[in-house]
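Student: Chains as they are written, first to last, in our numbering: chain A, 7 to 301; chain B, 153 to 525; chain C, 456 to 713; chain D, 331 to 564; chain E, 221 to 575.
Please note that the accuracy of each hint is not assured.
[Unchecked claim] Residues of chain C clear of chain E, computed beta-carbon distances all greater than 12 Å: (1) G471; (2) D484; (3) N514; (4) D522; (5) A590; (6) R594; (7) F600; (8) G611; (9) K612; (10) G637.
[Stated by the list, open to error] Simulated DEER-style distance windows between Cβ atoms: (11) B:E444 - E:Y504: 30 to 40 Å; (12) C:N697 - D:N529: 18 to 28 Å; (13) D:P355 - C:K530: 50 to 60 Å.
[Said to hold, decoys possible] List time: in silico DSSO-like cross-link candidates among lysine-lysine, alpha-carbon distance up to 27 Å: (14) C:K527 - C:K685; (15) E:K548 - E:K406; (16) C:K527 - C:K564; (17) D:K357 - C:K669; (18) B:K283 - B:K336; (19) C:K519 - C:K578; (20) C:K578 - E:K226; (21) E:K406 - C:K564; (22) C:K564 - C:K515; (23) C:K587 - E:K223; (24) D:K357 - D:K438; (25) D:K553 - C:K669; (26) C:K685 - D:K559; (27) C:K685 - D:K358; (28) D:K455 - A:K295; (29) C:K685 - C:K703; (30) C:K703 - D:K501.
To be clear, the hints were calculated from the coordinates, so they are not data collected in a lab. All values reported here derive from a predicted model rather than from experimental measurement. Virtual Cβ for every residue (Gly too), placed ideally from N, Cα, C.
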Amino acid sequence: MDIFLQNLANGLSLGSLYALIAIGYTMVYGILRLINFAHGEIFMLGAYFLYYGVLIFNLPWWLSFIVAVILTAIAGMLTERFAYRPLRKAPRISILISAIGVSFFLQNAGIVVFSGVPKSFHRPAIFDHMFIFGNIRISSITFASIVISLIFLMGLLFIVYRTKTGLAMRAISTDIETARLMAVNVDQTISITFAIGSALAAVGGILWALKYPQIFPLMGMIPGLKAFIAAVLGGIGNIFGAMIGGFILGMAEILLVGFMPQLSGYRDAFAFLILIIILLFKPDGLMGKNVQEKV
Amino acid sequence: MKKKILFFVLMGLFILSSVVVAQDVIKIGVFEPMTGPFAVGGELSMQGYRLAQMQNPTVLGKKIELVVVDNKSDKVEAANAVSRLVNHNDVVAILGSYSSGLTIPGAEVANKAKVPMVVATATNPLVTMGKEYIYRACFIDPFQGSALAKYTYNNLGIKKAAMLVDVAQDYSVGLANFYNRTYKELGGEIVSNLKYQTGDQDFSAQMTQITSTDAGALFFPGYFGDVALIATQGRELGFKGVYMGGDTLDNPKLLEIAGEHAEGVVATTFYHPDAPAATEASQIFIDEFIKEYDEEPNAVSVMTYDAYNLLISAIEKAGSTDADAIKDALASTEDFVGAGGTITIDDMGNAIRPAVVIKVVNGEFVYEATIQP
Amino acid sequence: MTSLLKVDNITKRFGGLTAVDKFFLEINDDEIIGLIGPNGAGKTTVYNMITGIYTPTENKVYFKGEDITGLKPDKIAKKGIARTFQNIRLLENLTVLDNVMIGTHLRIKSGLFSAILRLPGYKLEEKQLHEKSIALLERVELLEFANEQAGSLPYGKQRKLEIARALATDPDLLLLDEPAAGMNPQESHELVEFIRQIKEEFGVTIFLIEHDMKVVMDICERILVLDYGKTIAEGSPAEIKNNPEVIKAYLGVDLANA
Amino acid sequence: MLEVKNLHVHYGGIHALKGINFSVPEKKIITLIGANGAGKSTTLRTICGLVDKSDGKIFYKDKDISDFETRERTLDGLVMVPEGRRIFPNLSVYENLQLGAFKRNNQKEIKSDLNWVYELFPRLKERLTQKAGTLSGGEQQMLAVGRALMSRPELLLMDEPSLGLAPLLVKEIFEIIEEINEQGTTILLIEQNAYAALNIADYAYVMETGMISLEGEGKELLKKDEVIKAYLGA
Amino acid sequence: MSKTKKQLLTTGALILLGICILWAQSNFNNYTLRILNLSAIYAILGVSLNLIFGFTGQFSLGHAGFMAIGAYTTSLLIIPKYYKEMTFLIEPLIWPFSVLQLPFIVALLLGGLFAAIFAIIIGLPVLRLRGDYLGIATLGFAEIIRVIANNIPQITNGALGLKGIPAYTNLWWTLGFTVFTIFVIKRLIASSYGRALMAIRENEIAAEAIGVSLTYHKVMSFTVSAFFAGIGGGLLASLLTTIDPRAFMFVMTFNILIVVVIGGLGSITGTVIAAFLFNFMLEYLRPIEQGFDLGFISFPEIPGLRMVTFSLALLVVIIYNQNGLMGKLEFTWQGLFDFIDRIKNPKNSDEKGVS
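My request is simple: use the sequences and hints to build the entire structure.
Tutor: Printed below as a string of structure tokens:
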């Protein structure tokens, strides 16, 4: 029983991180229909910015955090400006290739600039604390990430459904041209979307690095892929779905290893297997709208 | 159109620049993963090569030029890279590469082209097997694996152990296999044999399971970054057993990342300054390394440092850059004094050398024991 | 004698919404039947159920006495029902000729390997399909555009091409969804003639949806009026024109006499 | 109010507009009629800046707006109801209307305009919270018009508002166009339904293969033989 | 131009290619030959991916998985017995692979066949998905195949991989199969079945309404594509002489995808050009990071700079050629002659250009 509860806690903890990254992923997809393969790399940038802020510039933690999130948001906007905007009228697949290109670029530039050797990410003592309930141990980061995920989810839902910018985002996601006719500033709105998505990735990257305290230029690859799976699982483009998808995925991975340890080598395959099975029954993900073409 | 012309001109310059070569140098090729998932290995390797080159810049009266090619941590590129070194850069000999998976396709190419190669850190037995031009400075996994198993069972007296293996890494799988075999032969029991894959960073499920067993030790033959995370998460989840791993753990970064959780980690490696096998070269290496890079040396760098020097001494001994002469000189290496210890090459092309057991105590690696082959 | 198509009181619900409610229709060989009704009355849904894009929630559709409910659209096309779409669905980047030739694909007998290896059987068949398509294009006066991209044709010709493509499948029943939409009166008039002719020449039965009353009244022998998913009237053009309920729901007072 | 001078447009290799000239005086209804593919929609889209012109000039309120972005044109009161309605199907009816008023900030005025739209289209008011995609074709057209009105257009461009509508609705929509015009909005209308369009238009242009072939007052054109033959049906 | 003339020209070109291969095999060094071989294998993979993606319009990201199946099947069937005994350290290889040793061509075709069978099994359920969802599902299957390969050492030798694969691959094999792949896929595209595939790409609803069975055609296209991917994998294995599951990560699929898109989606010619460009560019960029001296200015050595430059070049290429280098254009003899004509008589072409 203890083991089960411990695994649940582990799942919740991993799931909350997946969820946070998946939200950013899904947001960009929702607006631009672009699978932003570079999202994992943006996530990596967030962690590195904080690292340099704290270690090199000796900034206090809270300030580094803010600076890192802002810098990452700017980095996200820049990738959009230079790699995606010129392709706005191009076939969708070309933008995807561009995204892959950005991802390659950031990975390799990361290796050149930050070096390929992992860096240790020292966390403030508060995050070293483990809460112990009987035999169950839960890290303080778990609570932090769940709370932060929820806060950001609320914030995002507010922006998207309660503000004018959100209205513009939703309009752009269905029909860019008509949105222009409504005097929506398309480029600016997309920039904002990227900024928010990247800021979320930065927060995800920082929390991730707090929990798994090493950072390296390719650290975003697997979390990025998992977050992508989570986003699709929940119905890509759906913010709430991404959250649910993240938790399901985290939980599923942990429970597989927890209950069938002999299958632990299949953990990554299991994530995809769940995704495929769900898609076969719900082709648009769990919360995805069935956007069947009207005939 | 102008853009295109500019493009071709630049292209031409690059091609030209690679053709223009200085005359009186001896070229030695290095193929290492400078990008991709193993970039870390490439970087650590280069530290050793560079340091050695600085101290030993000439051979046979000529300057040594290292031609470094990136293999992108990718098998296909590894073969391309070596092929380029052999056919395009006309190197005399080759050094590399970090992991066995990358070294093997490269070694195939080099061996076929009859260009001698010295491998620094790839510990899989298949690297040199059946290839007369390939030699290695490090010991091999069967030895290391069984050495660790013996140490666990005999020296530490632990009869039940758990394993956590990276199924996507040949290094990890190979080492685990030999450890498992020897440990069982000795009478030990593997109570939990779990897996993960390169790129995984969450090991909480595995460590929860392992913690629930009565394993007295956890053997994790992975790369130091992953292991640092496993060690951290294991302690956080209450695992109290001994951590054990292979030569990849001998890296100051492990201590940095895992911090207090690395305390008590036991690993086999090639050398330690306090080990009886340490040579006078060891201390020189350590001092110079710290001076040059401002950090503690690691096992990878010391091996590439030795691999470079081993190769240079072979060329010196051969008295020429003839491939067969170098090959023969390498094959007949006996008691070569390297920074990491004394190397003698056996008839399989592998180094016969002891393994050193080290342990983390108070945030530092301390010498524990030496295991003779 | 069984009728060509029998739609037996089918109902379609989307969630709680009943799009089509107990729609009944029997079409006999050689008829031209019209289906009219306000926007959103469920006309296209009826089409989609006949052609297999939707499966009726209740009851069944019979074609030549055979139950075709729940079959996939391509199977239904093979049985002999062809259709056009309200918003033209051509294969825009392919040539006009290819569009028609793809229409003949469902009748192909040679297998894949025969096609890749260009065995004599396939070559002969390909030649026949090609000739048939050329003849069809000639008939609909599109031959001169055979090698142009279908998407680059003017709108009216695109409509025609879509009909030609449907004819290439050798249908017994042709469903036309608003063929005159976006056409001016002159074009519509030509279309009426065109439909009449192809009906004769190809021996197809026609079932069409149309808003252009002139077209419907001109061409149809029998008209059904759908409103809120329910059939509110059925009869000859004259009867429909004077049906008060139809006027109220659909035609409007003065336009009824236009 | 709007002056189009020698406008040329190329689509890929096709010369879609071959130098057209026309003007739209204030507070009038002007219509462009013509066969499919004559270039009517292209003209409208070029005026809105959705299509790039290859030559010529467009003057709006005596300003050369030829190189303005779509958004700037819309901000200045040049608003289009696009062909095929192009409402946002995933947004509610209310949100669609809000988007129409996107450029405006005066909540009070927006509110009063909303009420005006509700008056014009009582059916929209009943469906405010419904997703626009679930509306019928006619209701969607009304929403498209209503949405355009929410941006307080000075010049309203309408691209085939009667396309695909049942006869009863066609009549209704033309009545509404007239009403909007009476409230002071200038209208440039493209229609397939030449009869209805010419009936309400003050002035009309007939387009053929990228050029203007005929022009005149709406009711007069109705009587011209070539118009009757080509566009009204014999 | 008459059909016979075209056929004559094609035959001539093939003979010329043969002579070139003959010449290249004995005159080029192994490095150049290796890159040429690799490019040809990429061309096979790219052209096959183009069938499912460019011509059928189905976003498939599973190519690495099919390559893996082909590579493992081929390798297991050609590795000599003693090598198998030596390399399978963890668990011995299962029967019948442990005893089988077949000729290369048979092994290659069986590799392709296995991949094709797998494609049918995967394709039947998955090809109902659309767009990005199909992409992620196929990517998932490829990753699942890789993870399984890691976990069944009795067949794949796990992460240790297969070693000692005989190096049969040479230009005859790779370019021969490139020609064969192009031949089959071009024929398929130009047949009634090919038109049906393009119909699906253009508009699924319309295609289905005119009797094109979506399931049959999509699965067919997927299967043919997988067959050639399997063969490409087999050739790659024999070129490298060693494989392990890491070689078939999703990055491999991305590389092939890049080749297809850069070449022009739906253009076989473009894919082939891009395959060669991709590999030669990667190699030609190497001097960048080695540091070089141009006499007047010298650049320091910066490891990793090559990949940075490569990804930037990729971005530039895609931004300036949004539809790929060739768009949807194909090489034809007619086109070549027209082109030569235009160069010879520039005036002529100007007049033509306007019309």
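Student: Tell me the hint numbers this structure goes against, listed in increasing order.
Tutor: 17, 18, 19, 22, 26 and 27
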